[in-house]
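Residue-level listing of the chains:
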Amino acid sequence: MPGLSKWNAVMIISKNSGVFLQEIGELSRFAARFWREWLRPRYEFREFIRQCFVIGYKSLPLTGLTAFIMGLVLTMQLHPSMIYYGVESLIPSMVGIAIVREVGPVLTALIFAGKIGSSIGAELGSMKVTEQIDAMEVSGTNPFKYLVVTRTAASMVMLPILVIISDSISLYGSYLGNNIYERTTFILFFRQVFDSLVVADIIPAVIKTFFFGFAVGIIGCFKGYFTDKGTEGVGRAANSAVVVSSVMIFILDLVVVQITDLMNLYD
Amino acid sequence: MNESVISIRGLSKTFGTNRVLDHFDLVLHRGENLAVLGKSGSGKSVLIKCIIGLIRPDEGNIEVLGQNMLNLNREELDDIRVKIGFLFQSNALYDSMTVRDNLEFPLRRHSFRLAPAEVNHMVMEALRNVGLEHAVDMMPAELSGGMRKRIALARTLILKPEIILYDEPTTGLDPITSLEIINLINAIRGKFGTSSLIITHDLKCVKLTADRIAMLIDGHCHVTGDFEGLRSSSDERISPFFS
Ligand SMILES: Nc1ncnc2c1ncn2[C@@H]1O[C@H](COP(=O)(O)OP(=O)(O)OP(=O)(O)O)[C@@H](O)[C@H]1O
Ligand SMILES: [Mg+2]
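Chains as they are written, first to last, in our numbering: chain A, 5 to 271; chain B, 41 to 283.
These are calculated hints, taken from the structure and not from any lab test.
As the structure is a computational prediction, the values presented were derived from the model and not from experiment.
Glycine residues also receive a C-beta, built at the ideal position from the N, C-alpha and C atoms.
Among the clues, some could well be false.
[Stated by the list, open to error] With the Cβ distance kept under 8 angstroms, some of the chain B side facing chain A (calculated, not the full set): (1) Ile92; (2) Asp118; (3) Ile120; (4) Phe126; (5) Phe128; (6) Ala132; (7) Phe145; (8) His150; (9) Lys231.
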């Protein structure tokens with residue numbers, strides 16, 4: 005490339021990775037502050053409950069719909085191959101494991117990141133640029149507790165609940181999909197699903213959704229809380245909240261798989 | 041008249057390489073309206089955010105009502121902030137809340153134990169002071185710019201502060217509305233005897249509200265004086281403000 009010497013390229017890369025590392029550091033400090041402050045009085049219990057309601061209510065229709073379609077489509081796509089190998093009776097078990105272990109938590113978390121991460125980022129971002137966060141501070145309120153702790157804790161509590169609901173809806177979708185090809189009863193289908201699932205499938209899957217919820221909440225708040233001046237910054241905060249928390253969901257997913265693998269939970 | 045309610049000594053603040061305040065000194069006396077005049081970007085907002093503890097200065101001393109603002113813990117800071125009203129440049133109304141909730145917020149948060157009827161009474165009284173009782177159930181987005189400023193002022197007044205810090209109370213308003221705000225500022229002093237620090241670059245506001253004027257130039261208090269005195273000044277750094 006003309007005009008861009010090797011040295012320039014090195015400079016640009018090192019500068020960008022510096023910015024990246026600095027951001028990671030600031031995010032970690034922000035997350036640490038959450039853990040320091042959430043147990044200290046005063047407790048913003050009312051705001052926490054309100055946020056739980058808002059967050060759950062906002063995302064349920066969307067996560068429910070995608071979960072239903074995912075269960076249905078997964079079953080319909082698996083069907084021909086399973087017939088080919090003569091193991092179509094294994095469909096409920098396969099779909100059950102896939103949904104409970106991986107598809108349900110990750111898909112729901114991604115939808116959640118898109119919906120809730122962006123709305124938290126935009127809300128806090130616009131509060132920041134219009135000085136509402138400063139106004140809270142001078143009105144005898146710790147804005148970190150009132151805004152960040154409540155929203156992050158609500159994400160952490162609501163995402164696992166949403167995932168459990170989505171998993172159920174998804175399995176129901178799969179049951180309907182299965183019925184397109186062959187008639188099974190509801191009871192028989194779900195007995196097969198639960199026969200192949202063990203506690204070790206469900207517990208790690210739920211635990212990881214706590215981490216996903218935490219990541220979405222804290223990253224949305226972080227991006228909003230540190231929005232720089234201007235309305236343009238608000239859009240950027242919402243956007244990068246979604247991007248960063250989506251990537252973080254995959255990274256956490258990878259880490260949790262490694263840990264559960266090491267613990268040999270499935271044997 | 042000579043008791044000081046705010047006294048600032050040697051205040052400095054630097055953002056990166058941008059030295060915004062450089063050994064700034066200022067005293068606000070009880071019952072006085074003091075205007076701080078400075079051009080856009082000269083650090084006026086930074087100055088009053090330092091006073092109320094939203095920005096931590098690098099150097100210097102800030103005393104408010106006899107307390108050193110820089111070594112207070114959170115509770116002590118909250119206690120003193122009850123006595124200081126702050127009118128934000130951008131109003132900072134909570135746009136997810138109604139006007140009523142906006143006004144109730146500082147009342148509820150400063151952990152006073154108040155009965156609902158009492159809260160309602162205080163809200164309505166604050167709104168009456170700014171002439172906007174009918175807007176009590178509206179959302180901030182439904183208000184005009186001048187109404188928003190007045191609601192923000194009502195929220196500042198609700199705790200009956202001893203000191204009010206106004207950050208550009210008339211900027212962005214038409215001449216008639218800004219005159220209304222100016223009249224309100226004067227009426228508030230008449231009624232509650234508050235001491236006020238008025239940050240502005242609006243000459244009319246300065247002329248009609250201020251007893252004394254401080255010029256913020258190059259990060260420090262260049263000169264203080266009254267309106268006529270400064271207007272007739274031959275200093276070439278002051279005269280542009282008055283031309
Ligand atoms: N949080 C911050 N981080 C970095 N720089 C800041 C910050 N706050 C203010 N500044 C800088 O300080 C300078 C003064 O800003 P300030 O908002 O006090 O100006 P102002 O006098 O209030 O201007 P205006 O009349 O436009 O409101 C500006 O150059 C601004 O860029
Ligand atoms: Mg300003």
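Structure-based check of all given hints:
The restraint placing B:Ile92 at the interface with chain A holds, with a minimum CB-CB distance near 6 angstroms, inside the 8 angstroms limit. The interface hint given for B:Asp118 holds, since its Cβ lies 5 angstroms from the closest Cβ of chain A, which is under the 8 angstroms cut-off. The restraint placing B:Ile120 at the interface with chain A is violated, with a minimum CB-CB distance near 10 angstroms, outside the 8 angstroms limit. Restraint check, B:Phe126 versus chain A: the minimum CB separation of about 5 angstroms is within 8 angstroms; hint holds.
Here the hint on B:Phe128 is kept, as its CB sits about 5 angstroms from the closest CB of chain A, short of 8 angstroms. With its C-beta approaching chain A no nearer than about 4 angstroms, B:Ala132 sits inside the 8 angstroms limit, and its interface hint holds. With 8 angstroms as the threshold, the beta carbon of B:Phe145 comes within range of chain A, its nearest partner Cβ sitting at about 6 angstroms, so the hint holds. The closest approach between the C-beta of B:His150 and any C-beta of chain A is roughly 4 angstroms, which is under the 8 angstroms cut-off, so the hint is satisfied.
Evaluation of the B:Lys231 hint against chain A yields a violated restraint, the C-beta minimum of about 22 angstroms exceeding 8 angstroms.
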